[in-house]
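Asker: Read off the chains here:
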Amino acid sequence: MADEQEQKPAAKPAPAPAAPLARTKDEVLADPIVAPVTSAMAGAFLHAKEQVGEISLYVTPDAIVEVCRAFKAHGFTYLVDLCGVDYSTFPGHAGERFCVNYLLYSFKQNVRIRLKLFVAEGVSVRSVTGVWKTANWHERETFDMFGIPFTGHPNLERILMWEGFNGHPLRKDFPIRGIDTGARIYPEVFPPGGGPMPGSTGKAHGDVNIWKGPAVPLGRSPKGEVPETKQVEAPQGGDEGKADA
Amino acid sequence: MTQTMLNLHEMEISFGPQHPSTHGVLRVMVKIDGERIVDAKPIIGYLHRGTEKLFEAMNYPQCVPHTDRMDYVASATNNQGFVGAVEKLLGLTEQIPRRAKIIRVMLAELQRISSHLLWLATHAIDLGAMTPFFYTFRERELILDLFEDYCGARLTLNCMRIGGQADDIDAAWIQKLNDFLGIFDAALDEYESLLTMNRIWRKRTIGIGVIAPDDAIDWGLTGPPLRGSGIEWDIRRAFPYEVYSELKFEIPVGRNGDTYDRYLCRMEEMRQSKKILEQCISMIAETKEGDLKAKVSRVIRPPEGEAYFSVECPKGELGYYIISDGKNQNAYRCHVRPPSFVNLSALPDLVKGHLVADMVAVIGTIDIVLGEVDR
Chain Y
1 MADEQEQKPA AKPAPAPAAP LARTKDEVLA DPIVAPVTSA MAGAFLHAKE
51 QVGEISLYVT PDAIVEVCRA FKAHGFTYLV DLCGVDYSTF PGHAGERFCV
101 NYLLYSFKQN VRIRLKLFVA EGVSVRSVTG VWKTANWHER ETFDMFGIPF
151 TGHPNLERIL MWEGFNGHPL RKDFPIRGID TGARIYPEVF PPGGGPMPGS
201 TGKAHGDVNI WKGPAVPLGR SPKGEVPETK QVEAPQGGDE GKADA
Chain R
1 MTQTMLNLHE MEISFGPQHP STHGVLRVMV KIDGERIVDA KPIIGYLHRG
51 TEKLFEAMNY PQCVPHTDRM DYVASATNNQ GFVGAVEKLL GLTEQIPRRA
101 KIIRVMLAEL QRISSHLLWL ATHAIDLGAM TPFFYTFRER ELILDLFEDY
151 CGARLTLNCM RIGGQADDID AAWIQKLNDF LGIFDAALDE YESLLTMNRI
201 WRKRTIGIGV IAPDDAIDWG LTGPPLRGSG IEWDIRRAFP YEVYSELKFE
251 IPVGRNGDTY DRYLCRMEEM RQSKKILEQC ISMIAETKEG DLKAKVSRVI
301 RPPEGEAYFS VECPKGELGY YIISDGKNQN AYRCHVRPPS FVNLSALPDL
351 VKGHLVADMV AVIGTIDIVL GEVDR
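Quick note, the sequences are listed as chains Y and R, same order.
At position 244 of the first sequence the residue is numbered 244 (our numbering), and the sequence of numbers has no breaks.
At position 200 of the second sequence the residue is numbered 200 (our numbering), and the sequence of numbers has no breaks.
A hint or two may mislead.
For the chain Y half of the interface with chain R, some residues (derived, Cβ under 10 Å), not all of them [claimed, not checked]:
hint: 1; residue: LYS25
hint: 2; residue: LEU29
hint: 3; residue: TYR78
hint: 4; residue: CYS83
hint: 5; residue: VAL85
hint: 6; residue: LEU156
hint: 7; residue: ASN166
hint: 8; residue: LEU170
hint: 9; residue: PHE174
Note that these hints are calculated values from the structure, not bench results.
For every residue, glycine included, the Cβ atom is placed at its ideal position computed from N, Cα and C.
Turn these sequences into a full structure, and let the hints steer you where they fit.
Answerer: This is the structure:
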């Protein structure tokens, strides 16, 4: 065993990606791991693929709860993970904007499968909290970070960001430097409503931003060049402001 | 009549976020009826730093130090999960040199012991036992010294690289590790002599925060909370990574799924980690010194696709889900599946019907690190 593993690097110098898309949709759907469910609910699966040994099934949004129930009945009793993805800037992506990933695990077969569900912005997804309790916080997080609403969720509210925060941080159009939320902290500096404005797009240029310099992506700033940042005036009556005057 | 009277006396109090027993900045809104908890609602996010967003803006090697800051008391396993996921996406997993794999396992197991020691110290303090803190920190210090010797850092290690390890270990380090392992069994016995048969400890932990096996799976619990309920499941066994398939170790399981069983599980896990470390020491002697890196291109740009990779971190299953668009040096999306986050979501179920003082025991027993919950 050990010798074999040591031999391998010499035999394969170039990192070989583990045969992406080696199997076709029908072959993956007919895999004995998923076949009991996929054959019974053929209409619910749009596409299927296998990569690095992981099976991904693309599910229609209408059927997600039924598909999850069926998989749970067939041994996939454990929801490992549920997360959202914003595909809006993915090269070559033509479908709906958001994707919700469900990672299921079967103790009996010791395998994981992934369900993928694509939805457009503003379209809600049926909640699977009725199938697994653990979906509760995962769905809240997905809602918080991407703004994907889940229907049938018992308590859909923000979980990591605070109530009243505008925007959804993991959307691709949300600036990485953040949006201004200073109005709450410095009411003297910002006009009323100047902070996270209701209906804010989360885009940098749409919002008031305390860092007025040009947006520089992290880790990409040209060598030795520090982006000029203009600070907003210090609050009237602040200690520093007085000292300067 | 009695019912209305009770409801009249129901009260909502805020527990935390600044409270010594919340292990960071966890806030729990607790509905209490006298001393008894009717409902609890954890409020998190105080330590949210947008790590997943940062991952999208940095190239893969730059992300590794950020993983340290999530579970900051177990950074080696965080590194391991992230580099493992990128290696899986690159198709490199099989090409990591054996010596590098063994070093990773050693670091991860040391980290498991140190994380469990910290858990034991704080958990015991929460329940009123001050002494174990001093004893466990004495041994934890030795582990941190080992980390310092290896990579220079004591907490945020940043000790793993995509494709292998940056630093090798030498005979002096192995000697130091052997010294530590030599005293560790006696140290564990010492902790156990303080707690395991202690009448107060048993009264505070037995039957507290019971979770049935089916509920544990339904809530997605992993790590000691799952094993405490009697389910023998460990990523190291279910999906062996690095060299775990060759190592001999047992997975301790509990019977009742209560706080005491989870305590026993973690104590036994430390003994198993010690066993693993001893095997690693003999295994690493057979490998070539300095053989630490697989051939990795200078620019890491995985092919288009997605991969999920998880490791058994001290708290449970720590998973990284990475999507690469195949064109950039940074992940298109990197999602972290933190065990603490998922385990904490079961808190309301675990504490219902208990006393407020028992909630402290339950928060301690699920072993959360808020850096990881909030990311």
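Asker: A separate judgement is required for each hint: does it hold in the structure or not?
Answerer: Checked hints:
| no. | hint | result |
| --- | --- | --- |
| 1 | LYS25 | violated, 16 Å |
| 2 | LEU29 | violated, 18 Å |
| 3 | TYR78 | holds, 5 Å |
| 4 | CYS83 | holds, 4 Å |
| 5 | VAL85 | holds, 5 Å |
| 6 | LEU156 | violated, 14 Å |
| 7 | ASN166 | violated, 15 Å |
| 8 | LEU170 | holds, 6 Å |
| 9 | PHE174 | holds, 8 Å |
Checked against the numbered hints given earlier, the structure breaks hints 1, 2, 6, 7 and satisfies all the rest.
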